[in-house]
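Chain A is fixed; fit chain B onto it per the hints.
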Amino acid sequence: MPECDHCLLEVSASRAVYDEINGDEKVFCCQGCRGIARMIGEEGLEEFYRRRNSSWTPGPPEDRAFDASSFSGAIRYGDGDAEVDMVLDGIRCASCVWLTEKLLMKTDGVTAARVNYATHRTSVRWNTAVTDIGKITGRIRSAGYTPKPFLANVHEEELKSQQHDLLIRLGTAAFFSMQLMMYSIALYAGYFQGISPGTRQALQFISLLVASPVLFYSGTPFIRGALRGLQNLAFNMDVLIVTGAGSAYLYSIYQIFLGGEVYFDTSSMIITLILLGRYLETGAKGRASEVITGLLSLNPKEAVVVRVPGSGDGDHGTYDREYVTASVASIEAGDLVQIKPGERIPLDGIVIEGESGVDESMLTGESRPADKRPGAEVFCGTQNLFGNLVFRVTRTGADTVLSRIIKTVEDAQARRAPVQALADRVVGYFVPAVLLLSVGTFMAWIYYGRESADALMTAVSVLVIACPCALGLATPLAILTGTTRGASKGVLIKGGDIIETAQKSDTVVLDKTGTVTEGKQKLLSHEGIGMLDDEALRLAASLERLSEHSISRAIVDACGEMQFHKIDGFTAAPGGGVRGRVGGKDVLVGSRNFIGAEGISGSFDAALSQRILSEAASHEQAGATVVYLSFEKKLSGVFVISDKVRKESGEAVRRLKEMNHDVIMITGDSASTAAAVARIIMLDDDKVMAQRSPVQKAEEIEKMQQGGKTVFMVGDGMNDAPALIQADVGAAMGRATDIALESADIVLMTSDLRLVPYALGLTKKMYAVIKQNLFWAFLYNIVALPLAVTGTLHPIVAAISMTLSSLSVVGNSMRLKRV
Amino acid sequence: MWTIFFLIFIALITGIVSWLLFLWAVKSGQFNDLEGPKYRMLDDDDIGNNKNK
Numbered sequence: 001m002p003e004c005d006h007c008l009l010e011v012s013a014s015r016a017v018y019d020e021i022n023g024d025e026k027v028f029c030c031q032g033c034r035g036i037a038r039m040i041g042e043e044g045l046e047e048f049y050r051r052r053n054s055s056w057t058p059g060p061p062e063d064r065a066f067d068a069s070s071f072s073g074a075i076r077y078g079d080g081d082a083e084v085d086m087v088l089d090g091i092r093c094a095s096c097v098w099l100t101e102k103l104l105m106k107t108d109g110v111t112a113a114r115v116n117y118a119t120h121r122t123s124v125r126w127n128t129a130v131t132d133i134g135k136i137t138g139r140i141r142s143a144g145y146t147p148k149p150f151l152a153n154v155h156e157e158e159l160k161s162q163q164h165d166l167l168i169r170l171g172t173a174a175f176f177s178m179q180l181m182m183y184s185i186a187l188y189a190g191y192f193q194g195i196s197p198g199t200r201q202a203l204q205f206i207s208l209l210v211a212s213p214v215l216f217y218s219g220t221p222f223i224r225g226a227l228r229g230l231q232n233l234a235f236n237m238d239v240l241i242v243t244g245a246g247s248a249y250l251y252s253i254y255q256i257f258l259g260g261e262v263y264f265d266t267s268s269m270i271i272t273l274i275l276l277g278r279y280l281e282t283g284a285k286g287r288a289s290e291v292i293t294g295l296l297s298l299n300p301k302e303a304v305v306v307r308v309p310g311s312g313d314g315d316h317g318t319y320d321r322e323y324v325t326a327s328v329a330s331i332e333a334g335d336l337v338q339i340k341p342g343e344r345i346p347l348d349g350i351v352i353e354g355e356s357g358v359d360e361s362m363l364t365g366e367s368r369p370a371d372k373r374p375g376a377e378v379f380c381g382t383q384n385l386f387g388n389l390v391f392r393v394t395r396t397g398a399d400t401v402l403s404r405i406i407k408t409v410e411d412a413q414a415r416r417a418p419v420q421a422l423a424d425r426v427v428g429y430f431v432p433a434v435l436l437l438s439v440g441t442f443m444a445w446i447y448y449g450r451e452s453a454d455a456l457m458t459a460v461s462v463l464v465i466a467c468p469c470a471l472g473l474a475t476p477l478a479i480l481t482g483t484t485r486g487a488s489k490g491v492l493i494k495g496g497d498i499i500e501t502a503q504k505s506d507t508v509v510l511d512k513t514g515t516v517t518e519g520k521q522k523l524l525s526h527e528g529i530g531m532l533d534d535e536a537l538r539l540a541a542s543l544e545r546l547s548e549h550s551i552s553r554a555i556v557d558a559c560g561e562m563q564f565h566k567i568d569g570f571t572a573a574p575g576g577g578v579r580g581r582v583g584g585k586d587v588l589v590g591s592r593n594f595i596g597a598e599g600i601s602g603s604f605d606a607a608l609s610q611r612i613l614s615e616a617a618s619h620e621q622a623g624a625t626v627v628y629l630s631f632e633k634k635l636s637g638v639f640v641i642s643d644k645v646r647k648e649s650g651e652a653v654r655r656l657k658e659m660n661h662d663v664i665m666i667t668g669d670s671a672s673t674a675a676a677v678a679r680i681i682m683l684d685d686d687k688v689m690a691q692r693s694p695v696q697k698a699e700e701i702e703k704m705q706q707g708g709k710t711v712f713m714v715g716d717g718m719n720d721a722p723a724l725i726q727a728d729v730g731a732a733m734g735r736a737t738d739i740a741l742e743s744a745d746i747v748l749m750t751s752d753l754r755l756v757p758y759a760l761g762l763t764k765k766m767y768a769v770i771k772q773n774l775f776w777a778f779l780y781n782i783v784a785l786p787l788a789v790t791g792t793l794h795p796i797v798a799a800i801s802m803t804l805s806s807l808s809v810v811g812n813s814m815r816l817k818r819v
Numbered sequence: 001m002w003t004i005f006f007l008i009f010i011a012l013i014t015g016i017v018s019w020l021l022f023l024w025a026v027k028s029g030q031f032n033d034l035e036g037p038k039y040r041m042l043d044d045d046d047i048g049n050n051k052n053k
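Line by line, the protein sequences give chains A and B.
464 is the number that the working numbering gives to position 464 of the first sequence; each next residue is one higher, with no gaps.
15 is the number that the working numbering gives to position 15 of the second sequence; each next residue is one higher, with no gaps.
For reference, chain A alone in the conformation it holds in the complex:
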């Protein structure tokens, strides 16, 4: 059997991949190996194959099993290009993300590459004529990361097992560090009060015993990350940690035999504290990914597939049908699927049987159910309301409309935390600086005629003191404390990256309905024209009962125990009104324009008395909605429905103005209604945008952003979702609809608008604390550096700087508890 020229794995001749690299015919076991070998050849690095021959062992089992063909199912082909989603194993920090993105972008043929920091999910788009999946994955693997095709469940398990692994490492580090601390304190006491050399050495040996698992077991991820970083000549956080902890450990072993002082506690505490920070961070990350999984869980996992024996399609006879419950993943385009009332539709398709209303609000923002008959298209994630439907699947998996929306939301979430990047940037300069200082110390000591062993030990002690233990805690702890405090006040912040954008936002856009106002329409008055008041209400309610709109609910709620009419041929005109028939007679309920155009035969104003007209006008002035009823082409009733302005709204707006925010109200409602509400909350007319559709709301926000504003949007409805995503920071109010909650970055748990100024103040404070934390984390270690350079460093100093910087960071973060 031939051997793969890259990985030396045996490969059967029939499955082998052949390629010509720099004029030589080569055999490979898979596209991945071929891709890497090609890249190595093209970059002129064939030296690699000569070097490894001396001491080459095949990689670990999971490496050998790697096969680029496993991606074939995850690739979406487009016009001349293709896209794939994958999960990268081995990404630790923002610099890994940066490296992977840059590496991919430098690959020929790759048009777009994006790594989501929170989920480690990578989207790559490439030109199929220039490159292929093997090259791309090979490129990633060459950097030391392992790509896997993204499948929702795989990803979730990945995160779980990562968290599990981290918890065990943290726990182990914590238990052994606690043990270690007892002996360290004994040694400190010995330093001050005297200790016999024998006892000291015994205690030091026990310290070595308990410090070893912390460095070599709990510290493994850092050691791997550091090696990976050094391979790429990048000085990342891991390099700093390993240099600090490793040099402290080795220095201490050497000192045991010399009878000097040991730094095992420094070594262990660095690792323990940074693991703690990472663990807190994965917790926050887990919550962020729950949002995504939440969206994904909209996706039912099982569905009833209808099998018609003999003919896959065409004949839909009711007999001989087989109903099989199958997992959604196994359903293919062309299958028939049955949906019962109340169920969510699992895949996109075309209705072939049945009639029903489907709640598509999560896709369209329209709260009224959409009518579905044979031939109509249904979309994944929408909810079937009344009747049974059978539909033929047209799109599955990542092609469905829902999956594309989820991707939009995730893309929005791929924005990384600039603060995190700041911490990494600082480390990027700090590590080379410390290394230079260390080398400089060594040379200076030699220059002044000291022994080289002493000089080396002093140089190492510079590395020992330089690594700030509290660094790993600086950002996660501030975010954790701040978000916990926010949560207790009813402000849920979905991730760390939101803090920076939120704290610098200068424009607050408020949705009117449900945000500034209570969002609950109430019937204020009803009047029949040419019929009894209550009869008009009963007719209107019978019709409106079939609609889901908030105005409809107000009318239906007002009816109490009334007997409803039977309605035939119900249809809804979005934004206008509803129509139907009672006993063959046309009934319409809707806005003035809708009724004027379709409901009555004559002129609208002529059908109303002067009194009703003026009353309607004054109600509209006050922000109420007036709807009309037409029966048999005659205007037969007037209903006044109003949405009360929340009493806290005025104060919230005042506070926002005091914080120098530009407050703007945006609504789909009419200009007069909006102006009335604006008067109550003391907003100027030019700060009100009325009659904006969901898409227009997002466009208005985009316009503001182009004008250099950072926009904070508050909304609650599905119609706000596009605007919430578009805004730099989107906040959803308490009982907001699912999609609004999913699109928002911040969720305000109660419907109190005063939480908006509070949330803005909180994020400002959190950002300030993060910056201060970074300062405190570095301060003590930098102050102690001169001691190390002069060779007077002592474990007590290391312990004090460790304790003080950690305490400062913890204490400073705790201040957020009082915001």
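None of these hints come from the bench; they were simulated from the model.
Don't take each hint at face value.
Claimed, not checked - Using C-beta positions, here's what the derived DEER-type ranges look like:
hint: 1; chain 1: A; residue 1: Leu233; chain 2: B; residue 2: Ser18; range: 38 to 44 Å
hint: 2; chain 1: A; residue 1: Met443; chain 2: B; residue 2: Val17; range: 48 to 54 Å
hint: 3; chain 1: B; residue 1: Gln30; chain 2: A; residue 2: Leu233; range: 40 to 46 Å
hint: 4; chain 1: A; residue 1: Leu227; chain 2: B; residue 2: Gln30; range: 30 to 36 Å
hint: 5; chain 1: B; residue 1: Val17; chain 2: A; residue 2: Leu250; range: 29 to 35 Å
hint: 6; chain 1: A; residue 1: Lys817; chain 2: B; residue 2: Val17; range: 31 to 37 Å
hint: 7; chain 1: B; residue 1: Lys27; chain 2: A; residue 2: Ala129; range: 46 to 52 Å
Stated by the list, open to error - In silico lysine-lysine, DSSO-like type, Cα no more than 30 Å apart, as pairs:
hint: 8; chain 1: A; residue 1: Lys160; chain 2: A; residue 2: Lys148
hint: 9; chain 1: A; residue 1: Lys657; chain 2: A; residue 2: Lys489
hint: 10; chain 1: A; residue 1: Lys765; chain 2: A; residue 2: Lys647
hint: 11; chain 1: B; residue 1: Lys27; chain 2: A; residue 2: Lys160
hint: 12; chain 1: A; residue 1: Lys26; chain 2: A; residue 2: Lys106
hint: 13; chain 1: B; residue 1: Lys27; chain 2: A; residue 2: Lys148
What the hints assert, rightly or not - Short, incomplete list of chain B residues facing chain A, as computed with Cβ under 7 Å:
hint: 14; residue: Gly15
hint: 15; residue: Trp19
hint: 16; residue: Phe22
hint: 17; residue: Val26
hint: 18; residue: Phe31
A virtual CB, placed ideally from N, CA and C, is assigned to each residue, including glycine.
Below, chain B without anything else, positioned relative to chain A:
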């Protein structure tokens, strides 16, 4: 002297036992879901019963 080493020995044993206990807790899934239990205790019925309704 002997007492000190005896105490250190006891401390090490106690520490390692609690560490093993921790490992057991993680492995047996005690830490898998820190949010769920507080909500789950409010559920009256388990899933099996809900299906029968």
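| field | Hint numbers contradicted by this structure | value | No numbers; nothing is violated.
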